[in-house]
Amino acid sequence: EMLLLRSAAAGRNRATLCSPIPVEYSAAMGGDADVIANCIFATTDRMGLGGKLVSRTIVKAVTDADTHQHNQQLNEEQTLLAFLLSLSWTEGELEVASAPSDVDAVVTSTITDNKSSNNRKKSMATIRLCLDTTAALGDASPRFDRLAKRRGVVTAYHGTKIENAWSVLNYGLQNLSYHNTLSANGAMMGTGVYLSTAYDVAAFFAKNDARSTPALMQAWRHPAVLSLIQYACAGSSPTTDSSISGTFWDEYTVACYPVFEAAIIAPPESNDCVDDEDCTRREGKYYVVPNSDNIRITKLHLTMELKKKRTAGVWWWPPGPLLSAIVLCVAVWILSRISEEAEEDEHYY
3 EMLLLRSAAA GRNRATLCSP IPVEYSAAMG GDADVIANCI FATTDRMGLG GKLVSRTIVK
63 AVTDADTHQH NQQLNEEQTL LAFLLSLSWT EGELEVASAP SDVDAVVTST ITDNKSSNNR
123 KKSMATIRLC LDTTAALGDA SPRFDRLAKR RGVVTAYHGT KIENAWSVLN YGLQNLSYHN
183 TLSANGAMMG TGVYLSTAYD VAAFFAKNDA RSTPALMQAW RHPAVLSLIQ YACAGSSPTT
243 DSSISGTFWD EYTVACYPVF EAAIIAPPES NDCVDDEDCT RREGKYYVVP NSDNIRITKL
303 HLTMELKKKR TAGVWWWPPG PLLSAIVLCV AVWILSRISE EAEEDEHYY
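At position 339 of the sequence shown the residue is numbered 341 (the working numbering), and the sequence of numbers has no breaks.
What the hints contain is simulated information worked out from the structure, not anything from laboratory work.
Every residue gets a Cβ at the ideal spot worked out from N, C-alpha and C, and that includes glycine.
Be aware that one or more of the hints could be misleading.
Here are the simulated DSSO-like pairs of lysine-lysine, each with C-alpha atoms no more than 27 angstroms apart in a straight line [stated by the list, open to error]:
1) K209 x K301
2) K309 x K151
3) K309 x K287
4) K301 x K151
Pairwise CB distance ranges (calculated) [claimed, not checked]:
5) Q220 x I328: 35 to 41 angstroms
6) D34 x Q75: 15 to 21 angstroms
7) I328 x Q75: 54 to 60 angstroms
8) Q220 x V334: 44 to 50 angstroms
9) T215 x D34: 19 to 25 angstroms
10) Y288 x V334: 39 to 45 angstroms
11) T249 x K151: 52 to 58 angstroms
12) T215 x V334: 22 to 28 angstroms
13) D280 x R213: 21 to 27 angstroms
14) G32 x Q220: 20 to 26 angstroms
15) G33 x Y173: 17 to 23 angstroms
16) R213 x E93: 26 to 32 angstroms
Given only the sequences and the hints, what does the whole structure look like? Please build it.
This is the structure we're talking about:
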């Protein structure tokens, strides 16, 4: 939840997508999105990982709180912690998960890179996590159950930006086809939420929209993110004691993109839809769902791609085939020029 909340606060549309937040935050800061975002960053920086670890931080804060500022900070931490614990999806099961069978989901554990410049594979790592919210969110609505029995359900996937994930987990996938700023790909097949039965199709859209902006990179500089990475690579439970180097953020760039898995109401038979705007439509591997109540999110697949930054001064060695050819051509040209000049000098004398 720390990663997703901080990503939402760092997003360009944080005024809309950094929601929900504690009502105390909005009221105290006059609803100013930038002020709220800064408060979220500062508070979560102090809180660390979350859960019991946050509780120990709060106990220490109580002991040291002898100024108005400390009291205010303590109140912000307690308010945010209580709010996070009240969200049902945070009780979901997190695991290092394989993506569906049509995607290679092998976790590459290459965070602790050796210094060998010849081992190119150690410059990139891909981590895939899965948050299963099925049990945490409880039973589906009576309406969803009724339509599911009558029309059936389809498992489908929706890729989006990491800064959108917080809002989606809390409010569900919403129909934003004609929203001026939140609609990423328009409404080519009509209004509705666009999903695909192929995970790799949804992942393509999510990865295509993934951006490692300075604001997001700053938002991800948090112990909870490093803990997730260590958990995925080592299989150990998240702790504050991370074996990952403190210079990690100076050595790696991170791209993070979410894909939501959902059960959706299947398209009706030709005579089983009273209102066309309320019915799921199918276009090949794509499903368009105008009514968000016909979507039930079951899982969040989260992919983190870590790429090692090139070291200044040695990035060009060992050279690739193209660079080698260029160097060879330049060397031959220089040698030919030296030879021609030598012949001219000999002829002159």
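Status of each hint after checking the structure:
1. Simply put, K209 and K301 have alpha-carbon atoms about 18 angstroms apart, close enough for the 27 angstroms limit, and the pair holds.
2. Note on K309 and K151: the hinted pairing is violated, with a Cα-Cα distance of about 46 angstroms set against a maximum of 27 angstroms.
3. Annotation: proposed proximity of K309 to K287 is violated, straight-line Cα distance about 32 angstroms (limit 27 angstroms).
4. A distance of roughly 21 angstroms separates the Cα atoms of K301 and K151; the hinted pair therefore holds under the 27 angstroms criterion.
5. About 38 angstroms separates the C-beta atoms of Q220 and I328, a value consistent with the hinted range of 35 to 41 angstroms.
6. Against the hinted window of 15 to 21 angstroms, the Cβ-Cβ separation of D34 and Q75 comes to about 19 angstroms, which satisfies the hint.
7. Taken as a hint, the range 54 to 60 angstroms holds for the pair I328 and Q75, whose Cβ atoms sit roughly 57 angstroms apart.
8. In this structure, Q220 and V334 meet the distance hint of 44 to 50 angstroms, their C-beta atoms being roughly 48 angstroms apart.
9. Here the CB-CB span from T215 to D34 is close to 21 angstroms, well matched to the stated 19 to 25 angstroms.
10. Separation of Y288 from V334 is about 55 angstroms and departs from the stated range, judged on CB atoms against 39 to 45 angstroms.
11. Take T249 and K151: their Cβ atoms lie about 56 angstroms apart, and the range 52 to 58 angstroms holds.
12. Distance hint check: the CB atoms of T215 and V334 are about 45 angstroms apart, inconsistent with the given range 22 to 28 angstroms.
13. For D280 and R213, the hinted distance range of 21 to 27 angstroms is not satisfied, since their beta carbons lie about 35 angstroms from each other.
14. For the pair G32 and Q220, the supplied restraint of 20 to 26 angstroms holds, since their beta-carbon distance comes to about 24 angstroms.
15. Under the hint 17 to 23 angstroms, the C-beta atoms of G33 and Y173, about 18 angstroms apart, fit the expected range.
16. With their beta carbons about 30 angstroms apart, R213 and E93 fall inside the hinted range of 26 to 32 angstroms.
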